[in-house]
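Model the placement of chains B and C on the given structure of chain A, informed by the hints.
These are the residues of each chain, in order.
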Amino acid sequence: MPIIEVDQLVKDFQRPKRFDGPLGGLRTLFTHQYETTRAVDGVSFTIEEGELIGYLGSNGAGKSTTIKMLSGILVPSGGTVRVAGLVPWEDREKNALQIGVVFGQRTQLWWDLPLSDSLRLIGKLYRLDDARYRRNRDRLVELLGLQSFLETPVRQLSLGQRMRGDLAAAMLYEPRILYLDEPTVGLDVVAKERTRQFVEEINRDTGTTIMLTTHDLADVERLCKRIIFIDKGTVLYDGPVEELKRRYAPYRMLDITLAPDGETPAPAWLGIDGAEVVEEGDARLLVRFDPARVAVTELIPAIMARHPVTDIAIVEPDLEGVVREIVEAGEVRR
Amino acid sequence: MTLARNLDALVAYGRMATRRMYIYRFNVIMMIVLTGITIYLLTLLWKAAYGDRTEVDGIPLQSMLVYLTIANLQLRFLSPEMDQDIQERIREGQIGFDLNRPVGYPGQLVAGAAGQMIGLLPMLVVAVPIAFVAGELRPPASVEEGFAYLASLVLAWLVAVQMNLLIGLVSFWTLEMTGFRMMYRLIGNFATGALIPLWFMPDLLRSIVQLLPFQAIAFVPVSIYVGEPATGGIWSALALQAFWAVVMVLVIQLVWRRAFRHTVIQGG
Amino acid sequence: MATVAQRISILLTLAGASLRSEFQYRANAVSAVISGMIYQLTGFIAVWIIVARFNEIGGWSLAEITFLYGMRLTSHGIFYACFSQLFEADRVMVTGEYDRYLLRPMPPLLQLFTRKLRVNCFGDLIGGLLLLGFASAGVDVAWSPQTVFYLVLAVTGGALVEGAVQIMLGSLSFRFLQTMSLRVTVNEVFNLYGNYPFTIFPKALEYLLTFALPVAFVAFFPASVVLEREDGLHVAPWLAVIAPLVGVGLFLVALRVWRRQSRHYQSSGH
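Protein chains in written order, with numbering that gives the first Met the number 0: chain A, 0 to 333; chain B, 0 to 267; chain C, 0 to 269.
Extracted from the complex, chain A is given alone in its bound form:
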């Protein structure tokens, strides 16, 4: 039985139409005219306990809005959501006890108080008994390396430290589900790696179900087996990362540097079935080929026979390119 079930989820946002002029504020208040935008448009998926899902899409695709409905912040305009059997916005408090949420952009800690105070308050809010609180706290302090800034007011922490603090606050009460909304945004390479490592560990060691939205595809490649890709509020792809790559992977690239002494090849010069020149510059050639139709071991000698070559590199498709292609096309290739 899936831990998260989302069916035909829809969210419309309404903004009151604003009026200018001396009494514009009053008019806005009394005219009740709205502009409606649909941020999520019929999203459905299920997630099993213990999965680590990447929830992908470009800016404004509806990622955060979905997370906000799953966590009980927003009430949807249509569709159903069940999180471990609960409707988040109706059983808001019960749901809150079983989920952890981290927003990369905004801290959930008490701004003016030391991190240790925030953790104590969270422990109290989630009604942890002393022993459990201390055990969890100590483990997280060690795992995330919080010791050195535990007594510093949160407003004085660096972004990376703050993020670690937020992760500790979200995991302190051992939620069954963790939503991470852009957890690595703005972090430096080391801090990013540390965050990823932590996410990987808690998913593996405690079996926490994790849903991760991100811009950073390196996060996804490193952490997720399955991704859900949305654009303009609808799901474009839901499945394994590898499968998505494979659909785009029929094509690999050969990046060829030609030897300086030969003459420039004429167009359509290659003439090998299953391979074509997609770009050619001064002494450089990009060849796209389908490994199912022509093997690299045949292709390379064939090219070298036609022209002297100084270097050849095989370029694997990365998720970044795949994503760019999907967003541009507005659909996923079958």
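One or more hints might be untrue.
Said to hold, decoys possible - Distance condition first, Cα-Cα at most 20 Å in a straight line; then the derived DMTMM-like pairs of lysine to aspartate or glutamate: (1) A:Lys123 / A:Glu92; (2) A:Lys191 / A:Asp215; (3) C:Lys115 / A:Asp111; (4) A:Lys231 / A:Asp11; (5) B:Lys46 / B:Asp56; (6) C:Lys115 / A:Asp116; (7) A:Lys224 / A:Glu47; (8) A:Lys231 / A:Glu278; (9) C:Lys202 / B:Asp51; (10) A:Lys244 / A:Glu327; (11) B:Lys46 / C:Glu227; (12) A:Lys224 / A:Glu275; (13) B:Lys46 / C:Glu205; (14) A:Lys231 / A:Asp40; (15) A:Lys191 / A:Asp116.
Since the hints were derived computationally from the structure, they do not count as laboratory data.
The following block gives chains B and C in isolation, referenced to the frame of chain A:
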């Protein structure tokens, strides 16, 4: 620098302030509504205080109500907020730019206050009807007193602006002045006579208030308007205001010179 | 689910945290208390001068008006101590801080209330209690445990009335986002008109400030009951007596309104 060029620059500052006023017009209207609510309450209070009497201490009820209405309306329009601007500029470290401009800083501020005042004037279209409904409006006691009131109003503005400027200059020494400013506002509320005219103050309080400049902002002009000028008639009332306007000019000169030196030494 | 005792304990912890945050800036806090007190007392001094000069206003003596003023101010102090953050509701919603309240296992409104403590409320409280103390000796009341108990109820009820009105107005922010000026204006009406015997108001205003905006229930009604001045009431005396209950009732309604309106919360960004 010639006077004309100086004047040009000052007019520019005034224009800028007028424009700013326009941007905040919604807040201004809200403040006017609040003033109307206050005037209405004061009217009810004083009507109840008069009870069946039509006159107390030689002041007819109607003059009293007109006094309250005009005084509070006028105070809304004569409340410059330069002190906050100055504090803001200093806190944000922008004051250095202001000091380096070719026009003296107090000049910039006064021109700004004048522009703000002019920007506010169209609001009279909203304010006068509100005051009319909330309180009691009558034409001045006579034509002569009407003109005297206008002259007195100009002097009142000069005193109000300079007092506000003086308070603002304190922030050259300390930025922690929320409490200080609040005290000033409270004393001001009393001592201008907008809540209780000097006629009805207890003797001790009145003799203190008569030694302070605040009365020049509300009590003196409005008492002329309703035809009950304080001791010695219209001319001595105007002279009192002029006296305070000049004193404030001198005090500001003195304080400004020290503030400027203080800033230059501390590096702003 | 949490028991009531657990809830209260959590609430106190949150309030303690906001108090600690506030006292990180100690000098500010102290001057805020003092200036808050002076601000409220000068309002009273103006009334005092008028009443001293004219002996009474609307049939109420100086001691009685002081008592009324003190009750209102104490109520307002309690209101401000508990609910001052309602005035920040616009900002909390626009910045998306309200998200955080919705993510925690605690009613969001309680988290808003304990967000920060405005220490100048202690100025109102001290000022109000001082006035009450002075006036209670001067008024013609046979003090008994019952009257004192009623007074305590009434002052609490008054705070709940002001709280209820501000919660209802604040809940409009879920749809319109900017309701600050409306709320400040209404708060000012309570501040200005709540302190005086309604006998000085025209009839229409008396009813307006009773049924359209429940200003009368904050202090004037219960003060009339304690001072046994029911003669001047514009409504049946029993309605004045139950003023504290009206406070509780309005507050419960306000909580429902808030919950209903919060379904329209839009968070920030999407």
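Restraint status (C-alpha distance of Lys115 of chain C to Asp116 of chain A at most 20 Å): Roughly 15 Å separates the two Cα atoms, so the pair holds.
20 Å Cα cutoff - pair Lys202 of chain C, Asp51 of chain B: 18 Å, holds
Pairwise hint evaluation, Glu327 of chain A against Lys244 of chain A, where the allowed Cα distance is 20 Å at most: 16 Å, holds
20 Å Cα cutoff - pair Lys46 of chain B, Asp56 of chain B: 15 Å, holds
20 Å limit on alpha-carbon distance, applied to hinted pair Lys231 of chain A and Asp40 of chain A: This hinted pair holds, its Cα atoms lying about 8 Å apart.
Given pair status - Asp11 of chain A, Lys231 of chain A, alpha carbons within 20 Å: 12 Å, holds
Restraint status (C-alpha distance of Lys46 of chain B to Glu205 of chain C at most 20 Å): Holds: Lys46 of chain B and Glu205 of chain C sit about 16 Å apart, inside 20 Å.
Hinted pair Lys123 of chain A and Glu92 of chain A, Cα distance within 20 Å: This hinted pair holds, its Cα atoms lying about 14 Å apart.
20 Å limit on alpha-carbon distance, applied to hinted pair Lys46 of chain B and Glu227 of chain C: The given pair, whose Cα atoms are some 24 Å apart, is violated under the 20 Å limit.
Given hint Asp116 of chain A paired with Lys191 of chain A - CA-CA distance at most 20 Å: 25 Å, violated
Straight-line alpha-carbon gap Lys191 of chain A to Asp215 of chain A, limit 20 Å: At roughly 10 Å apart (the allowed maximum being 20 Å), Asp215 of chain A and Lys191 of chain A satisfy the hint.
Given hint Glu278 of chain A paired with Lys231 of chain A - CA-CA distance at most 20 Å: 32 Å, violated
In summary, the numbered hints that this structure violates are 8, 11, 12 and 15.
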